[in-house]
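*Asks:* Residue numbers (this note's numbering), protein chains in the order written: chain F, 1165 to 1570; chain X, 2 to 266.
Think of the hints as simulated: they come from the structure by calculation, not from any bench.
Among the hints, a few may not be true.
Take a look, some chain F residues computed to stay more than 12 Å from chain X by CB distance [said to hold, decoys possible]:
| # | residue |
| --- | --- |
| 1 | Phe1168 |
| 2 | Thr1240 |
| 3 | Lys1258 |
| 4 | Asn1259 |
| 5 | Thr1265 |
| 6 | Gly1429 |
| 7 | Gln1430 |
| 8 | Ala1436 |
Which chain X residues face chain F? A few, computed with CB under 10 Å, are given here [stated by the list, open to error]:
| # | residue |
| --- | --- |
| 9 | Cys22 |
| 10 | Arg24 |
| 11 | Arg25 |
| 12 | Ala46 |
| 13 | Phe164 |
| 14 | Asp181 |
| 15 | Pro197 |
| 16 | Met199 |
| 17 | Lys205 |
| 18 | Ala226 |
| 19 | Leu229 |
| 20 | Asp230 |
Backbone N, C-alpha and C define an ideal beta-carbon position, used for all residues, glycine too.
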Amino acid sequence: MDDFRIVVAGHVDHGKSTIIGRLLCDTGSLPQHMMDKFERAGTSNDTAAFAFVTDQLSEEQEGSFTLDTAQAHFRTARRDYTLIDTPGHREFLKNMVTGATRADAAILVLDANEGPLPQTYLHAYLISMLGIGQVILAINKMDLVSYDRHRFHVLSQQLSSHLERIGITPRAAIPVSAQQGDHIARKSDRMPWNLTSTLVEAMDELVPQEQNGHQPLRFLVQCPFPANNRRAILGRVTSGRLNQGQTIVFGPGGHETSVTSVLLGQQEVGMATPGQSVGLLLEEPNPVKRGHVGFNVESAPLVTDRLSTRVFWIGPRSLEANGRIEVLCGTQSHRGCVERIAKVIDPISLETIGTEVAGLNDFQVGEIVVRTESPMCIDPFDILPELGRLAILQDGRIAGGGVIAR
Amino acid sequence: MERMEELENRSIYIIREAYACFRRPAVLWSMGKDSTVLIALCRKAFLGTVPFPVVHIDTGRKFPSMYAFRDKWAQAWDLKILVARNTAGLSDNADYADKLACCTALKTEALKQLLHDESFDAIMLGIRRDEHGVRAKERHFSPRDTDFQWDYRNQPPELWDLFGARADDNTHVRVHPLLDWTELDIWRYIKGENLPIMDLYFAKEGKRYRSIGCAPCCEPVSSDATTLDDILHELETTRIGERQGRAQDKEAAYAMQQLRALGYM
């Protein structure tokens, strides 16, 4: 029984939290005290009641907007879902990204009355950049446009063609009214022209991402740990397969050794597969430490101190050319310097709006080159994501993220 | 990877990150179901041992059977137990009818004192997002400022499994390895791993506790669940919220938010 994680994104007030509330309500996934709240609100026809499910901070309920990401669980006949609610306010973009980096798929919510607005495009751009390939368009508030078929087609075509330009082919476009409950979990006779499916049916059609067991081995070292007079190496396999007895190389540096034992808790398990947090006993002595990456010699990651990366900036200060930063990648952490900011990209027009600029501001996306003080192991994001994505720290805090292109 | 296996492995990853990135971490154990799962995960993360102190915040108002459970398993698992008590809070005649003040005095203050005395820079806790709407807003690594406060309006981002966690001087970081787990996941794990669990969770005379804290503030729920399978079946069908028996959650609008902003767990 797999759990499918879907981020709900879109411009502020286009109805992300309300769609989540409606999904939970109409699939019978809410505790009774929440249902009571809905029933009370139902008489006053207050959409904010649905948003109450995930908007739990006092500011959120009083201002009826989402301030920080939240999650909700529900189940269909097909599988379990975790829905990740995200804020649509520009100021809370870092919270949106925090939610989105954990998702398998996205629902992009659009207000049928207002059409796409800046955060619609920025969220779409980030979804594409974060590698979330499966997107459903939910054209919401259809009740406000009299369930107009033409309006729906115009908007879904407009947004779909924009998404195609950033490498996303939407899996479905569904006209919904979260407030009225049309086409969320139930078909509605108010849109007889919509012959496709409900939002829930479209979600059930999404496919889980493949496990990467046949890919090159990557083992991220978290720390050495003393175990029965031995020095165990604790870490996680992120791709490939690790077997007892095999030869393994740790980089950067390239120390070759062999795996004498694979431990899961106290048990010897003989091998480890992607996602498993294990302990390794290696031939000693070895210099393996936190930040090292284990791999097979024939499929090594790139070892470099010069990173060319697409970035999104969510920091309180600008990212400056020649500025000092710190880069996190897997369990690697390196100080470095921004060599150049090659490009700034406008997420709405998708055009390059600056080259070789002095700074990247809050909420901007672009392409930069970073020089680190020491070499690190990296992979292309679209092949081996764990070593293809970075967090960029400024003043000791995460202020941006990046992905490494092929 | 199946959900339970994925949750377990990711939690172990987070626990090891806390161990590797902080100078002096500790884990909180209330003997309740969630923190008992957390202790089990810590043991698994470090090949059968827990290499940091296990803190019990003792309000003096806990159920008597909790102490016996603590002592038995602390010995069996070779845990380094530290008991934190706010003796000032226990001895004065504070008005315990005011839940917010009581939780703050007996739990938050006790934790504050201990953190100060032991200079821990990271505290692992077994909170989960699905327990309470405000806990849903937490991060896996959540900094607390010098006044112990949670700045929920300005939380640092976490990207993928890159947490960027570190403690500045005089601050500490709350680490939440079980944030993604649900109540049902906890019980499935307890069953799958055959973990010990307090009797209070099983029904006696038609009532059982779903969430356990201080005795005066916990109400049992109606239930006939006397085995783990009964509990799993009950949770798969119930529509009653987990913390409906916890008084501090109902006290006033946003009481949990106020408590957490002040440093409550």
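*Asks:* Looking at the structure, which of the earlier hints fail to hold?
*Replies:* 1, 3, 4, 5, 6, 7, 8, 10, 11, 15, 16, 17, 18, 19, 20
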